[in-house]
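Make a model of the complete structure from these sequences and hints.
There are 2 protein chains.
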Amino acid sequence: MSDSLQRLKEILGEVTDVNRASAVLTWDQETYMPPGGVANRADQLTTLRRLAHVRFTSEEVGRLLEEAEGEVGGLPFDSDDASIVRVTRRDYDLARKLPTELVAEIARAGATARPVWQKARQDSDFTLFEPYLERNVELNRKVADALGYRERPYDALLDRTEPGLTTDQLEAIFAQLKGAIVPLVGDVARHSEAVDDSVLYRGFDPDAQVAYALQVVIKLGYDPERGRQDLSTHPFTISFGPGDVRITTRVSRDFFNECLFGSIHEAGHGMYNQGIGQNLDRTPLWSGASPGVHESQSRLWENMVGRSAAFWRYFYPSLRNAFPGPLKGVDEESFFRAVNKSYPSLIRVEADEVTYNLHILLRFELENELLEGSLKVADLPEAWNARIKSYLGIDVPNDREGVLQDIHWSGVSFAIFPGYTLGNLMGAQLMEKARKELPDLDGTIERGEFGVLLKWLRTNVYRHGRKFTPNELMERVTGQPLTAEPWIAYVRQKFGALYGAKAAS
Amino acid sequence: MSDSLQRLKEILGEVTDVNRASAVLTWDQETYMPPGGVANRADQLTTLRRLAHVRFTSEEVGRLLEEAEGEVGGLPFDSDDASIVRVTRRDYDLARKLPTELVAEIARAGATARPVWQKARQDSDFTLFEPYLERNVELNRKVADALGYRERPYDALLDRTEPGLTTDQLEAIFAQLKGAIVPLVGDVARHSEAVDDSVLYRGFDPDAQVAYALQVVIKLGYDPERGRQDLSTHPFTISFGPGDVRITTRVSRDFFNECLFGSIHEAGHGMYNQGIGQNLDRTPLWSGASPGVHESQSRLWENMVGRSAAFWRYFYPSLRNAFPGPLKGVDEESFFRAVNKSYPSLIRVEADEVTYNLHILLRFELENELLEGSLKVADLPEAWNARIKSYLGIDVPNDREGVLQDIHWSGVSFAIFPGYTLGNLMGAQLMEKARKELPDLDGTIERGEFGVLLKWLRTNVYRHGRKFTPNELMERVTGQPLTAEPWIAYVRQKFGALYGAKAAS
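Residue numbers (my numbering), protein chains in the order written: chain L, 1 to 505; chain E, 1 to 505.
No lab work stands behind these hints: they were computed from the structure. Small disclaimer: the values here were computed from a predicted structure and weren't measured. A hint or two may mislead.
Claimed, not checked - Under the rule of at most 16 angstroms between Cα atoms (straight-line distance), these lysine to aspartate or glutamate pairs were calculated in the EDC-like manner: (1) Lys9/L / Asp43/E; (2) Lys9/E / Glu446/L; (3) Lys341/L / Asp196/L; (4) Lys178/E / Glu353/E; (5) Lys142/L / Asp196/L; (6) Lys341/E / Glu353/E.
This is the structure in structure tokens:
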């Protein structure tokens, strides 16, 4: 290896170490930190993040990167070294394009807006939050301007989170999704009595739920020797390296889905990171391909595996042993149906598989309209409520359950939401391919042989880390770029069967 | 404030943040990190420590320090700014005197020797460890040479841990201690039947012990809003700032002392750090005055408070409520006597108040002899065993329970041990002064009014952080430098009373 590339890798390794240290501090903050620790922790994280940023955006990295680019020219596109240099170049240019003052202003704006948003949500009073959101929209515009774009400002933001995807491409996909989902939602609503989910609310001992969930994710393939599960207010996955990828979950006595499906979701993220090649450790490639691709794995394991009939064929007997009280008189088929109950609801994070993408579509549209100025912040609640009514057929009773529900807009972070829908679509696209290559996939799941699917995902997706963009990865694995078809086919088939033949039309 | 001092403080604040981040990573490593995390964590800690070291020892800090020294010349010795500059100068010069290669060699030597020591201890085979200890002795000599000293190499090492103290001063103190303790050990041994501690081994529910210990330390004054208690193999205290000072404990069903006195010991360290002035936060002064002074607070709370008759007057009723089974038929006086049982033993960390300092004396002597070349590493086990026999009157059956018991010598860290004895002595010296100024001190303890003592310690010791050297602090608080008299008077009085009048002679 050349001296420049070697030296570049050393610096990237250091930056990785500092970022992982920040991650440990964040994990601790969300799990065990005492209340008094807030101010000290903020200082520590600010310092670590600044150190990592200064080191990464230094002139030295720029020089080494240029030299390294000259040296890896002859290597295959997917070789480690060529990919490290290519992805580092993308990160470096993005990081250098944002002026330091803008980065600092964004951090301050987020820190200021966060508590105001919390108060506004609590009081269900959008006017409190309005001026802060105005500033955040303006800052998102500034970020887009600094990064540069041809036609639509959203492109600049999207390219940062989901490189290679464009706003136009997403609009086409969402249009296709809307055309498929809205009628399906109507069909399901007309047959809502077909699925009874009352069993989920019967009261499940919280400690037993957490223990059962951990047992399940270990069986799926999450390695507890290289991770652990703790409790936190909002479940998350966080990685400190190949040997330490942690998940958290939450638990409610009165609603079964929260803990188990939360744990499986995070374990999907966790197995992804546990499966990234050791050869990519301490480089910018030791990470998921994009937030969307990462979400494809959490959703794939949560929904396409965890909410499948085959999954419950295997797990239901042990679940019934663990919770004999609430599951008395409930058979496997009824339980499988219960965890797949679909109905239009107000809150995104509680939405089922069918309606979830409509919540994202709404946000994607509104972010674009705000950014391009066709919608004023003051008119946002009205626009929100009208679209919920149009897409889901329900009324929004207050802003707390409407426009104020998500934390995202309290920071300067437009173009994050599409990743959730991209995750659903890419998960289905990958699963369709896996089914072709693993004809007995459902059989393996029924028998608890989850390693078959995990190995396929590791080989095709996980081990590459961040080498490929979402489209590159989809092309490489499935032979075509991102498409909504497999997901649409999947929900039509699954919910058609659950709710009666009519819905499958 | 001048620009130079302001800029210096900013850099010191950053260095503090990075060091505190390392501390969070260390805490996690000892409490919750999964086994797979070891290698990633080592990388992260190496990087953070290097960043902090490079930043602190930079030419820029040297220049700012010189400028700041010119500016604080007119300030009082104990002012914050004068003290920050004075202590930073000491740290800076020490850090710059050690060549980077030597620091790296020490880190490598420790990392290599640690597992060998573990194996040697497990197999009770000193010859395995011998060559590694030879190298560590040699490296300790190199450190002493690099730091510089007039007569005795130990002075250089000691000045780094307990600034201002000399080897000669310590030798005189240890001679005085030996003269007082060795006869007392004999007296106690002749009346050993006077104290029965069998109750401590009756079996105490571990979870209840941990909960009780936490309740006790909170009552003493440890603030759980700015800290927390977890379990770890070896108890420790670690601080991430004024708002987050954590302690750990361990627990044994079959030996009561381990958990409660371990917790009180660590809470002593914890209350010290929780009491350091906010004005010193993010400076090198936000820390204890020295390891010895820090140990004075853990030992003071553990032994002079936690093992006092007044303490048990207050706590015994609640202890009996918490553990009615094992404490059946045991009265307060018997329990107080049991936790103060004294007998010569092989293991330092299990030693009682009377014999503990003899374990340190032995190590202090041997470290000096190794460093000055009058003792060869090969002859160390023999010298160890002979001195244990001479000081404590017992035979060492194997090296595992002898010369291989402590982790310290597997690293390059001579001159750490004296801090334990200094802690005992300074704790007694401070307590003697506190008793003069708080005549009803025992009364307040009996009534559970621990805030009275805590406030005195905060005002006189804790709030100053690392402003003063051990001798400066003792002079300032008690009117005289470090002395062994108060401790000798304390053990003679306490153990004389416990074991019969003869011992008090």
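Hints, one by one, checked against the model:
1. Lys9/L / Asp43/E: 14 angstroms, holds
2. Lys9/E / Glu446/L: Violated. Lys9/E to Glu446/L sits at ~63 angstroms, over the 16 angstroms cutoff.
3. Lys341/L / Asp196/L: 7 angstroms, holds
4. Lys178/E / Glu353/E: 14 angstroms, holds
5. Lys142/L / Asp196/L: 49 angstroms, violated
6. Lys341/E / Glu353/E: Between Lys341/E and Glu353/E the Cα gap is close to 9 angstroms, so the pair holds against 16 angstroms.
In summary, the numbered hints that this structure violates are 2 and 5.
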